[in-house]
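Please arrange chain B on chain A, whose structure you already have, making use of the hints.
These protein sequence lines map, in sequence, to chains A and B. The opening position of the first sequence corresponds to residue 1 in this note's numbering, with each subsequent residue numbered one higher. The opening position of the second sequence corresponds to residue 1001 in this note's numbering, with each subsequent residue numbered one higher.
The set of hints was computed from the structure by calculation and includes no laboratory data. By construction, the Cβ of each residue, glycine as well, lies at the ideal position given by its N, Cα and C atoms. Just so you know, nobody snuck in bad clues.
Output of the computed footprint for chain B on chain A, the stretches with three or more beta carbons under 8 Å from beta carbons of chain B:
1) 84-90
2) 110-119
3) 130-142
4) 278-289
5) 355-364
6) 385-393
7) 401-415
Restraint-style ranges between C-beta atoms, simulated for each label pair:
8) B/S1195 <-> A/S219: 29 to 35 Å
9) A/A272 <-> B/L1023: 57 to 63 Å
10) A/R52 <-> B/A1030: 35 to 41 Å
11) B/Q1118 <-> A/A310: 14 to 20 Å
12) B/A1037 <-> A/A272: 46 to 52 Å
13) A/T394 <-> B/T1392: 53 to 59 Å
14) B/A1037 <-> A/D74: 55 to 61 Å
15) A/T101 <-> B/S1089: 19 to 25 Å
With a cut-off of at most 27 Å between alpha-carbon atoms, the simulated DSS-like pairs for lysine-lysine come out as follows:
16) A/K198 <-> B/K1339
17) B/K1198 <-> B/K1038
18) A/K198 <-> A/K38
19) A/K339 <-> B/K1198
Residue strings, one per chain:
Protein chains: 2
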Amino acid sequence: MNILEWNQLSITEQTQALRRPALAQGGREAQVADIIAKVRQGGDAALIELTRTLDRAERSTLQLSEQEIDEAADRVGTDLKAAIELAISNIETFHRAQLPTHIALDTSPGVRCELHFQPIEKVGLYVPGGSAPLVSTVMMLAIPARLAGCERVVLCSPPPINDAIVYTARRCGVDAIYTLGGAQAVAAMAYGSESVTKVDKIFGPGNAWVTEAKQQVSSDVNGAAIDMPAGPSEVLVIADDTADADFIASDLLSQAEHGPDSQVILVTPSNALADQVNAALEQQLAQLSRADIARQALSESRTFICDDLAQAVAISNAYAPEHLIVQTAEPRALLPDLKNAGSIFLGAWTPESVGDYASGTNHTLPTYGYSRTYSSLGLADYQRRFTVQELTPTGLRAIGPAVELLAATETLDAHKNAVSLRLAKLEKQA
Amino acid sequence: MNILEWNQLSITEQTQALRRPALAQGGREAQVADIIAKVRQGGDAALIELTRTLDRAERSTLQLSEQEIDEAADRVGTDLKAAIELAISNIETFHRAQLPTHIALDTSPGVRCELHFQPIEKVGLYVPGGSAPLVSTVMMLAIPARLAGCERVVLCSPPPINDAIVYTARRCGVDAIYTLGGAQAVAAMAYGSESVTKVDKIFGPGNAWVTEAKQQVSSDVNGAAIDMPAGPSEVLVIADDTADADFIASDLLSQAEHGPDSQVILVTPSNALADQVNAALEQQLAQLSRADIARQALSESRTFICDDLAQAVAISNAYAPEHLIVQTAEPRALLPDLKNAGSIFLGAWTPESVGDYASGTNHTLPTYGYSRTYSSLGLADYQRRFTVQELTPTGLRAIGPAVELLAATETLDAHKNAVSLRLAKLEKQA
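Isolated chain A, as found in the complex (with noise of 0.2 Å):
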């Protein structure tokens, strides 16, 4: 990795040295767009013949049988279902402990507030194929999704569909599976066809066509909302003198791996760590099966070399990365300062495998610079808040002429006349 010395950049080049890659767009819009409308027209028919032109594959159901999901349950190994077992437990014990309390109080006497939480009622799950089947994908959307009380939960995965995807979602209570992909899985969901559920959200990752396709049905009213918008994935890590230099590699190559847009930045005050670092990345680099894809990311990843820590904290507030691990001699000194981060790994034996796979945190988390504003993935995402009032006689004689006096300088007239007339109303009953 390149290296930078932090204070060496002026301010344009340092804001430069942040920025992310521009991500690839335009161009497929028309052609989502036409995959869109082919499916809100042709149904099942057009999604089948979809299936068979984009993703050459030959089905006549759309929906896995549940002869089909017995089949491939059978055909994953033990180890693994252990393993996804273990995960399981601890990322359902951290989603449970996010089940909000409802609030009631009064807030004048006879002014009873409420806020009430309610699953949102459909969910649909989108999870991809290709190369690496993700199973850990399955566990992060539909595990929340079910705690949360939604009432139908579907899940679209590309053909062929990887077995263990197909076990993990049935193990996780998704109550529909189908082979579809791209955005044509997207539109399926956002609008329904004979065999798949239209829902009220869409949540999972994708490659640019599901991102585009996502985008263009949360913008109908009529379609249906999403969880993010989407970047490539990136890591940032914090390390000081103390840190392994090993496990810092390693941790990068996590990221790096990804794929070529990745992004991988270390901030660290120590100028031999740094070299250290790129010394492992070389020898690690050399046995990976990914290899390529991370040399790549790599060629376009960064090292700044800052004063000290609290600079680093600085430096990576305004980068906001989604994973941002810390390996400090104290690295939960530094997390009050910490801003602006998807999820925060702390500590020497804490990679970022662990957060993506079993640790029990939720591994969608928000990338591209919107974690500033985003949150990571949790249970509230399948959820709605709502407001509740009620109010007594007491209460309205209470609060009444203020809403009264508040409306009338907002000349709303009607809104005013509405609580008038119950305070008439209540006068003549005294």
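This is chain B only, laid out in the frame that chain A set:
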């Protein structure tokens, strides 16, 4: 209002009857993009020029001075100040109760997982101008921002900015008030200028220009996030024959006076009540200053006669109203079955106006059917959640092998290696 028998309608007619009017969209995209580009390039000078040409206001500075704020505050009457205090007190009480509690637990021995909450650093509030000075909007947007702990809270409202808005903004702890309106105000807050703070998230209602500008800046990662999608205000009332027709008419008119595109729906099993409400509407309309607006809105509105309250609940759930008023003999009995509403008002003494101003709940609510997936505005919208994890050697030994197997299944070698390296090191140390 048109009275329709629900069960006389075909499924298609029912769907049609609950359809919202199409949003007046299109045509503004290019003009708004042009305004945003001007603001980004020209900063304060462009903002002053846009304010001169679009708002016909001559100002050499955009931010109100302390003296201007003092003078405006002095002009606000004592009675209005008292009403504002009462509303603030209730709104603060309800929103303070929403302050979240951090979560920290061990999902497995030695595997610590935490959920932290953090205020969004800088937020911008938009308060529309026009004939009605929306004092209540200032309170609803600014109070949760301050309680959430946002570091900087700024507010834009078009010139001439109303004294009561200025007073309330200061009273609610807004740091800077700018006399800026429309798309240029949104652009200024999203990208910043010499005198306007760039913010992370923009809150508040607005006309079609503001809405389009919010949409555009929120789809740019370098812009700003926004609170929720916009749409015309709406109310649905469920009432039985115990309800007071005058009260219901006044509640329907409170909604109808907002604008000609406001939607108003009454659902009742009682034919007699439907007729009484229509009579009461005519009577009350005669006395309203905004009667023309309300009449236009009512011409598009409908009363549905249903079989019973269970069917009324089903109709409401299908429509997913912003405001839902329940005026029945036992309103709370329906609550467990009511889904998809922004805010619910129970019983005869709870007109919508109390929630609009002073009960304590937030009046910023998902409309246009978005209440299926979006929440009423709350403290949570001014904060972000992120996770933290920290493993001890014991913790890593416990879950490490499962992580290795899951990573291998997903063909992510480097993810696996980040754990293997550490487990090997622990082995050596032991």
